[in-house]
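J.: Required output: the full structure, derived from the provided sequences and hints.
Line by line, the protein sequences are chains A and B.
Okay, so the first sequence: first residue is 1 according to the working numbering, each after it adds one.
Okay, so the second sequence: first residue is 1 according to the working numbering, each after it adds one.
Since the hints were made in silico from the structure, they are not lab data.
Incorrect hints may have been included.
Stated by the list, open to error - Partner residues aside, some chain A positions facing chain B, computed with beta carbon under 7 Å:
| id | residue |
| --- | --- |
| 1 | P89 |
| 2 | E92 |
| 3 | A220 |
| 4 | I221 |
| 5 | S227 |
| 6 | F231 |
Unchecked claim - Okay, derived cross-link-like pairs now, DSS-like style, lysine-lysine, Cα gap no bigger than 27 Å in a straight line:
| id | chain 1 | residue 1 | chain 2 | residue 2 |
| --- | --- | --- | --- | --- |
| 7 | A | K250 | B | K207 |
| 8 | B | K229 | B | K193 |
| 9 | B | K229 | A | K109 |
| 10 | B | K193 | A | K109 |
| 11 | B | K7 | A | K109 |
| 12 | B | K63 | A | K217 |
| 13 | A | K30 | A | K55 |
| 14 | B | K47 | B | K235 |
| 15 | B | K47 | B | K28 |
| 16 | A | K30 | A | K14 |
| 17 | B | K88 | B | K7 |
| 18 | B | K207 | A | K20 |
| 19 | A | K20 | A | K36 |
| 20 | B | K7 | A | K115 |
| 21 | B | K101 | A | K123 |
| 22 | B | K88 | A | K109 |
| 23 | B | K118 | B | K63 |
| 24 | B | K222 | A | K243 |
| 25 | A | K109 | A | K250 |
| 26 | B | K207 | B | K28 |
| 27 | A | K250 | A | K164 |
| 28 | A | K179 | B | K207 |
Everything numeric in this text was worked out from a predicted model, so none of it was measured.
Glycine included, C-beta positions come from ideal geometry on N, C-alpha and C.
These are the residues of each chain, in order.
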Amino acid sequence: MMERYALELIEHGKRVDKRKFDQFRDIEIKTGVISKAEGSAYVRIGKTQVIAGVKIGVGTPFSDSPNNGVLIVNTEFTPMASPEFESGPPGENAVELARIVDRGIRESKSLETEKLVIVPGEKVWTVFVDIHIIDHQGNLIDAAALAAINALITAKLPKLEEGKVVAGEHGDKLPVAHKPVTVTVCKVGDNLFVDPAIEEESVVESKVSIAVMEDGKICAIQKQGASGIAFNDLEAIVDLAIKKAGDLRKLM
Amino acid sequence: MGKATDKELIVNGRRLDGREPYHMREIKMSVDEISSANGSAKVSFGKTTAYASVHGPRSLFPKFLQESDTGILRCRYNMAPFSVDDRKSPGPDRRSVEISKVIRRAFEPVLFLEDYPKSTVDSFIEIVEADGSTRVTGINALSMALASAGIPMKDLVAACSVGKISDTLIVDLNGVEDNNSESDVGVAMMPQKDIVTLLQMDGILTKEELVMLLNLARESCKKIYQIQKQTLMEKYRGAE
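T.: In structure tokens:
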């Protein structure tokens with residue numbers, strides 16, 4: 001029922017919560033919310049809530065990049081966050097979300113992995129970004145990406161003594177050079193809008209998540225959804241994402 | 001896939017394998033390669049080779065997965081352990097889970113799944129040799145496998161990769177280029193309808209560069225579509 005209502009509203013240029021098509025719900029960002037984590041952020045977009053935590057440990061580098069630290073992004077869709085989520089290993093939606101967030105950070109070269117070497121070729125810092133979905137009320141990707149980058153920019157490297165991590169003590173800030181922001185543009189018919197509420201998300205025909213850098217350059221794109229997108233609509237989608245990414249960045 | 005390299009990838013306007021920036025590698029396509037499937041195809045772009053096969057539409061089990069008003073499409077993208085330089089441990093990983101999903105999404109718009117309630121169209125892509133652009137090669141193969149299975153389609157799906165290396169825009173990235181490009185974009189299209197069904201992009205681009213790359217991808221998909229069509233015609237209707 002709500003789906004049909006949401007669809008009819010969109011077709012008439014309206015939304016379930018009276019927002020404009022290019023308007024986000026209210027956004028709250030809090031950093032440093034988890035004291036045990038090296039960096040953390042809580043993001044609320046409308047009723048959608050996510051927490052991203054950064055844990056940093058000493059690890060070995062990948063053989064093909066011996067002089068770079070390691071970044072691993074993971075998501076857990078906890079069953080409490082939505083009646084649609086089940087416990088167990090991550091499903092394809094969780095994997096896709098984690099990989100979209102990962103690429104936004106990795107491809108923008110935000111995390112300066114070359115500065116995360118402890119012993120070249122042997123020991124590097126491994127940075128885990130774990131994204132916990134607390135309440136799924138739509139637009140998880142944008143919320144997760146926003147939480148991840150805010151957790152990273154506030155993270156501090158653990159203190160190292162004789163090659164071992166000293167629990168609870170921190171040193172330098174984690175070197176983060178950029179702040180990519182991801183905006184997902186949704187399409188229903190000819191209508192483009194951002195930040196779908198949960199009722200809207202189920203009627204979205206296709207959507208494109210676009211990660212945008214400070215200078216408006218694009219660093220990652222992923223088309224999703226079961227419908228195709230007319231080639232000539234792509235530019236308008238990119239333009240909308242770039243514009244809204246600028247707005248979101250002001251909140252950081 | 002290729003390894004990281006310090007070599008210049010473009011010298012005097014030519015790529016390491018001698019290609020000009022907008023040239024694709026040698027393309028080979030054939031259909032009906034796998035006798036036990038309802039439809040199948042094999043596609044190579046240079047040293048990247050993908051098999052695709054289709055089983056179905058067939059009844060979907062277990063039953064609770066069935067949709068009473070529509071059929072579903074299932075896709076599995078998989079790389080053979082020997083397809084890459086360092087052996088890939090067999091079975092699905094996060095990368096292949098994601099690619100399988102986006103490939104499914106690339107084909108859902110072209111099929112009439114509502115005609116097969118309670119059924120599934122099962123499709124499989126196996127990369128036997130990987131030298132960049134594996135997902136788009138797999139998509140080109142699967143498109144022809146679906147056609148060879150006689151499954152009605154709104155259009156074929158043609159796919160290609162485009163990217164940017166040292167300020168040059170290029171088409172059909174090989175493994176070394178894939179790993180060392182500043183940016184790469186995978187595009188799948190319904191070429192006759194001008195509809196994009198897969199779009200993934202990594203690496204940094206300005207909007208203007210992105211638009212140029214998308215146009216390059218669209219032209220290349222149209223060329224690939226012609227080869228797909230020709231191959232299918234030769235097989236099923238005799239050469240025209």
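J.: Are there hints from earlier that the structure breaks, and if so, what are their numbers?
T.: Result: hints 1, 9, 10, 12, 16, 19, 21, 24, 26 and 27 break, sorted rising.
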